[in-house]
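*Asks:* Let's have the full structure, built from the sequences with the hints guiding it.
There are 4 protein chains.
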Amino acid sequence: MQFASDNWTGAAPEIVDAVVREAARVGAAYGASEIDAAVEARFAEIFEHEAAVFFVATGSAANALALAAASKPAGGVFAHAESHIVEDEIGGVEFLAGGARVIPVEGPLGKLDPAALKAAVARFVPGSVRTGQPVAVTITQQTEMGTTYSPDEIRTIAAIAKGRDMPLHMDGARFAYALARLGISPAEMTWKAGVDILSFGATKNGCIAAEALVVFDPVLARDMPFIRKRAGHLFSKSRFVAAQFDAYFRDGLWLRLARHANAMGDRMRAGLAVVPNAREAWPTSGNEVFAVLRKADAERLKSAGAAFYDWPEPHGWNAGLSDDESIVRLVTAFSTRPEDVDAFLAVLRG
Amino acid sequence: MQFASDNWTGAAPEIVDAVVREAARVGAAYGASEIDAAVEARFAEIFEHEAAVFFVATGSAANALALAAASKPAGGVFAHAESHIVEDEIGGVEFLAGGARVIPVEGPLGKLDPAALKAAVARFVPGSVRTGQPVAVTITQQTEMGTTYSPDEIRTIAAIAKGRDMPLHMDGARFAYALARLGISPAEMTWKAGVDILSFGATKNGCIAAEALVVFDPVLARDMPFIRKRAGHLFSKSRFVAAQFDAYFRDGLWLRLARHANAMGDRMRAGLAVVPNAREAWPTSGNEVFAVLRKADAERLKSAGAAFYDWPEPHGWNAGLSDDESIVRLVTAFSTRPEDVDAFLAVLRG
Amino acid sequence: MQFASDNWTGAAPEIVDAVVREAARVGAAYGASEIDAAVEARFAEIFEHEAAVFFVATGSAANALALAAASKPAGGVFAHAESHIVEDEIGGVEFLAGGARVIPVEGPLGKLDPAALKAAVARFVPGSVRTGQPVAVTITQQTEMGTTYSPDEIRTIAAIAKGRDMPLHMDGARFAYALARLGISPAEMTWKAGVDILSFGATKNGCIAAEALVVFDPVLARDMPFIRKRAGHLFSKSRFVAAQFDAYFRDGLWLRLARHANAMGDRMRAGLAVVPNAREAWPTSGNEVFAVLRKADAERLKSAGAAFYDWPEPHGWNAGLSDDESIVRLVTAFSTRPEDVDAFLAVLRG
Amino acid sequence: MQFASDNWTGAAPEIVDAVVREAARVGAAYGASEIDAAVEARFAEIFEHEAAVFFVATGSAANALALAAASKPAGGVFAHAESHIVEDEIGGVEFLAGGARVIPVEGPLGKLDPAALKAAVARFVPGSVRTGQPVAVTITQQTEMGTTYSPDEIRTIAAIAKGRDMPLHMDGARFAYALARLGISPAEMTWKAGVDILSFGATKNGCIAAEALVVFDPVLARDMPFIRKRAGHLFSKSRFVAAQFDAYFRDGLWLRLARHANAMGDRMRAGLAVVPNAREAWPTSGNEVFAVLRKADAERLKSAGAAFYDWPEPHGWNAGLSDDESIVRLVTAFSTRPEDVDAFLAVLRG
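Protein chains in written order, with our numbering: chain D, 28 to 377; chain F, 28 to 377; chain E, 28 to 377; chain L, 28 to 377.
No wet-lab data here; the hints were simulated from the structure. In this text the structure is predicted, and so the values were computed from the model without any measurement. Errors might be hidden in some of the hints.
Copies of one chain are not kept apart here, so a pair can be met inside one copy or by any two copies together.
To be verified - DSS-like cross-link-like pairs, simulated, lysine-lysine; straight-line CA separation at most 30 Å: (1) Lys145 / Lys322; (2) Lys189 / Lys99; (3) Lys189 / Lys322; (4) Lys219 / Lys329; (5) Lys189 / Lys219; (6) Lys145 / Lys219; (7) Lys329 / Lys189; (8) Lys322 / Lys99; (9) Lys329 / Lys99; (10) Lys189 / Lys145; (11) Lys322 / Lys219.
*Replies:* Encoded structure:
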């Protein structure tokens with residue numbers, strides 16, 4: 028009953044097999060091997076667009092280095108006030124993007140409110156050294172609250188960014204879950220909707236450590252090899268990351284894994300809808316489920332071996348909590364079994 | 028006949044097995060799992076000293092973040108003029124250590140010359156804002172030239188560093204080879220000789236990606252969790268790095284692998300001593316062999332499928348090259364087979 | 028009728044005379060002359076406390092470098108949401124303090140609300156790499172809204188800071204006005220109330236360019252010479268800044284100038300209280316007056332040659348603006364003449 | 028007998044008068060006043076080229092911020108090994124230019140050797156993340172050794188820089204002395220010879236604090252307002268710097284002052300040529316004279332009240348020092364009187 032996080036998981040057998048195979052091979056270091064090149068080409072195929080691909084160690088690194096590529100002196104980066112960048116990555120952008128300021132912007136359930144974004148951007152008077160330079164907008168797909176931007180919503184955000192010559196960055200730590208749910212193409216969820224640079228995370232969805240920056244805008248890609256190298260994120264045995272991505276994309280494994288995680292989320296949501304003593308805190312559609320539990324039930328679940336985290340009430344959201352209730356986050360993953368969900372619900376039901 | 032680099036290798040079976048096992052497990056992220064804690068404790072045992080341990084993505088990251096922990100404003104870091112930090116990691120220390128300057132110091136065959144170091148340090152007048160603050164000395168064990176510092180030599184460098192309140196950092200990308208050759212304990216090669224912080228590399232010697240900062244001085248460890256996090260080097264599935272180290276240390280695997288690599292280096296050295304058309308460029312004792320080859324022979328070897336790099340003549344060293352000769356670097360590894368070396372020598376002999 | 032800003036002014040005759048005298052002298056550069064030392068000693072006398080003093084070019088530099096001295100990796104600096112640091116100095120702290128994040132905290136009319144500060148600080152879980160390190164609190168005396176912290180209010184803020192081992196920084200760009208109004212000693216307004224480091228501005232109050240960091244905590248002073256030098260803020264002819272401060276402090280000139288500016292503010296406030304077509308937007312007590320004007324009157328005043336800036340309604344403040352009204356900021360200074368204020372009021376009255 | 032440095036001087040009467048006049052005026056802050064605009068236009072006239080002009084606090088700031096504008100990730104800046112940037116400004120470029128490395132390049136008597144520069148640049152393999160990006164070349168006119176680049180020599184350096192798409196920066200802390208000596212136009216010594224960005228120093232030559240970045244290349248100027256602001260170098264009462272430059276350029280004052288300083292240097296050189304117990308250490312032509320003195324004579328001069336600094340033997344130069352001799356630097360200035368030089372020589376002669 029591990030619902031703490033999708034990064035508490037192990038790795039999918041296909042991913043492990045790829046690593047095992049790669050371990051028996053020899054190849055050029057620092058991204059210069061054949062499989063590195065093949066994977067970069069595979070990204071271009073999958074996204075139906077030329078793309079420069081850079082493996083990095085973590086999603087936080089991907090985010091900060093993406094924004095470093097967009098950064099300008101006295102720059103402001105616009106991010107959701109409850110995003111991972113704002114809440115969990117303090118100093119990452121500020122340091123790696125050379126002194127950029129992160130400007131928190133509100134919006135319902137993890138999604139940037141276009142009006143709030145417009146207002147925040149408008150505070151940056153063009154050419155004003157007093158207010159600084161707007162340099163990038165970043166969104167998260169799926170968001171920290173388990174909600175999903177539609178392509179139209181992304182397009183709206185992108186238009187605001189482009190109106191001030193800012194690139195749009197997507198933090199895709201949970202990219203696959205969103206894509207599987209929306210049932211659209213990677214292209215439709217990214218560059219066709221205005222995304223210029225993407226943190227593409229595969230670690231949560233079955234890999235060991237596989238994070239890539241996918242850069243659609245060649246201008247943003249230009250200095251990236253140096254930005255990555257300088258930050259110590261150029262793996263020597265880069266082939267092992269490439270091998271994970273190779274397996275991840277092969278025969279649609281990544282979407283199969285994500286669909287499974289989503290289905291387990293659905294199973295949890297369905298269960299919560301019928302248990303008498305709990306409810307969804309707000310609607311979600313991916314592998315993250317937020318539940319209002321009685322505190323006593325939460326304790327009881329933990330005693331029974333369930334792992335999950337408490338979660339604060341999102342800005343501007345009223346989950347109608349009574350004093351003896353709290354919100355918890357339940358994260359399913361590629362490796363979650365139906366019986367795990369059922370066991371959780373059974374304990375919950377009491 | 029892959030002698031290009033030990034980071035062109037795959038991974039040792041024991042390491043791969045550990046990863047496979049870890050893939051089937053579940054555990055807390057960000058270094059909070061049991062195996063993370065166990066591996067940190069294992070480092071302390073192996074080094075016979077309390078040590079804070081921080082996994083990072085690459086050896087370059089380990090170096091720069093170690094020096095970031097030691098850094099002070101307007102600081103100077105003293106490094107060998109031909110070290111990896113100076114030659115291959117431009118901007119790493121300067122950026123990640125917040126504007127530190129790397130001061131190149133000469134010395135024979137990759138080892139800092141104590142007199143040259145003293146002179147370089149002496150240029151920093153105590154308290155002078157004009158000259159800046161001396162903040163750290165870094166050495167490489169084994170060096171880029173395949174040479175090895177003796178504990179006494181390390182102690183001499185450490186004394187110079189300590190004389191100006193500087194910590195001594197060791198870039199141990201090739202730590203195991205040196206240790207295996209010297210036949211001393213990890214403690215004797217590090218803190219007992221004055222090393223305060225160590226970049227401990229295992230990637231080259233049989234791992235997939237396993238690099239750790241080992242911090243003996245608690246003052247240097249204090250901010251390291253934040254220094255690492257900010258730079259995007261805190262792995263979510265940290266357990267997979269821990270699992271590699273766990274296997275690496277188990278039953279002395281790491282030293283067994285290193286001894287093998289060294290033995291293959293010895294086999295190459297012995298071969299070079301007897302072929303008529305080549306010679307060692309300078310004496311080495313680890314897994315790196317530097318050979319003077321006739322350019323025609325080098326071409327011939329490449330045509331026969333041998334992989335290796337050209338290497339410049341070290342500062343202050345005269346390899347007695349004639350016009351038709353050049354220096355090449357031949358790197359053996361845990362996975363090098365005797366027949367690989369023999370095949371190389373056979374082709375060389377012609 | 029220049030009420031745009033106190034930094035639109037020239038300089039007081041006594042300050043100018045000091046510069047003229049210094050121009051005829053010769054002395055050591057980079058702060059090593061006799062007058063540099065004498066002024067540092069004078070600061071200690073005036074503040075009744077040992078203090079390290081560092082001249083810098085601007086108030087923004089003083090703020091950012093003060094916070095740089097306090098900075099730690101992944102650090103957060105707590106500042107009022109409408110402070111100069113937040114509104115006008117984007118990237119200053121983030122860049123010069125090595126990637127620190129500025130955390131905006133609310134509070135009425137420019138003053139930090141202790142409860143809001145406590146809550147913001149509490150988000151930083153001790154030792155948590157996720158939330159980061161709380162590193163400093165900064166307040167502005169007088170605030171951007173023309174309000175003044177009492178010593179007790181400062182003490183309350185300081186206690187919150189000290190509760191998490193954070194130093195308290197004071198942005199004293201308008202230090203003298205506040206001090207003159209409160210009628211207390213410099214010591215009472217700073218270190219006795221818990222201030223550890225002060226941006227002491229004299230430029231607005233009659234100098235040409237005289238800004239100093241006054242550091243009461245020796246730990247914060249230790250690296251400051253290097254922090255300042257590295258940022259290019261060590262004047263070669265430092266003597267000319269020292270000469271301005273020397274004159275500024277001589278025979279109480281600084282307080283005389285500030286009292287005059289405050290009196291001109293009072294004259295403006297008194298006038299606004301009796302004109303029928305305007306009013307104070309909120310109560311102030313220093314050299315900044317915020318007035319609600321009919322837009323037509325504001326235009327008329329500008330046509331008549333008055334210089335002043337529009338000002339937004341402060342967070343959480345309701346100035347009761349009707350559609351045809353706006354808020355303007357009227358800044359008096361050492362050089363404002365009573366007849367300037369009277370002329371402004373006469374035009375306003377119509 | 029002050030020959031320690033031209034930054035030990037006071038200020039020229041015309042400069043002081045301009046400051047006195049400006050003190051009685053009122054004007055917009057932050058460079059938006061009329062005199063700020065007029066001075067920027069004056070720079071363009073004097074240099075016969077469009078130029079963006081940015082006042083900063085110090086020459087060190089000008090240098091580092093100029094190179095910040097040119098900087099790229101993992102970048103290398105090529106500077107003379109004995110330049111002020113290398114010897115006296117540690118951490119300035121590294122920090123303010125976001126992690127750039129300063130690459131010391133040798134050359135006779137403070138001037139970059141084109142062959143050495145070419146070799147240093149050639150180490151940066153195009154596109155190689157291992158070697159990094161070459162980003163700028165910086166030269167000093169006049170050099171730290173008192174020597175002067177001819178326009179042809181500058182052109183040669185510029186061609187090497189341009190061959191790798193690097194801008195050429197000139198540290199012009201002693202610009203006027205060189206210009207006055209060469210008798211050419213400012214244009215000929217800068218952009219016509221390939222200089223893209225200039226640190227234009229006036230402080231040493233009669234001003235109080237007047238340093239400007241003069242940017243001929245609009246690409247380098249684009250972000251400079253933000254680069255300067257972020258570093259705390261945008262003066263509020265910018266008008267006072269503008270007033271100094273206005274007076275500096277009026278009626279050729281700057282060249283008159285520089286010619287005087289050079290003439291005093293000539294007087295010193297002539298004197299040294301005829302005293303029996305001293306000699307020039309190497310030929311110079313500006314306001315810096317380097318003399319070989321007997322140590323006993325140097326002590327005697329200091330006892331008699333002469334101020335000057337010892338100077339190390341330049342790299343690669345043999346001044347033929349005997350054991351009882353040392354090199355001293357004698358700096359003349361706008362304010363040096365013939366009788367000061369004569370008194371020095373009289374004491375020296377004994």
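*Asks:* Now, for every hint given, state plainly whether the structure supports it.
*Replies:* Results for each hint:
Taking identical chains as interchangeable, the C-alpha atoms of Lys145 and Lys322 lie at most 30 Å apart only when they sit on different chains, with a minimum of 26 Å there against 39 Å within one chain. Taking the shortest Cα distances, Lys189 and Lys99 sit within 30 Å of each other both inside one copy (16 Å) and across copies (24 Å). In this homomeric assembly, Lys189 and Lys322 never come within 30 Å of each other (Cα to Cα): the closest approach is 46 Å inside a single copy and 34 Å across copies. For the identical chains of this complex, Lys219 and Lys329 are neighbours neither inside a copy (44 Å) nor across copies (46 Å), given an alpha-carbon limit of 30 Å.
In this homomeric assembly, Lys189 and Lys219 come within 30 Å of each other (Cα to Cα) only inside a single copy, at 14 Å, whereas the closest approach across copies is 38 Å. When the C-alpha separation of Lys145 and Lys219 is checked against a cutoff of 30 Å, the pair qualifies only within one copy, where the shortest distance is 21 Å, while the shortest distance between copies is 44 Å. In this assembly of identical chains, Lys329 and Lys189 lie within 30 Å of each other by CA distance neither inside one copy nor across copies; the values are 47 Å within and 36 Å between. Taking the shortest Cα distances, Lys322 and Lys99 never come within 30 Å of each other, neither inside one copy (47 Å) nor across copies (37 Å).
Taking identical chains as interchangeable, the C-alpha atoms of Lys329 and Lys99 are never at most 30 Å apart, the minima being 47 Å within one chain and 36 Å between chains. With identical chains, the CA atoms of Lys189 and Lys145 are at most 30 Å apart within one copy only, with a shortest distance of 12 Å there and 38 Å across copies. Within a single copy, Lys322 and Lys219 get their C-alpha atoms no closer than 44 Å, and across copies no closer than 46 Å, so neither meets the 30 Å cut-off.
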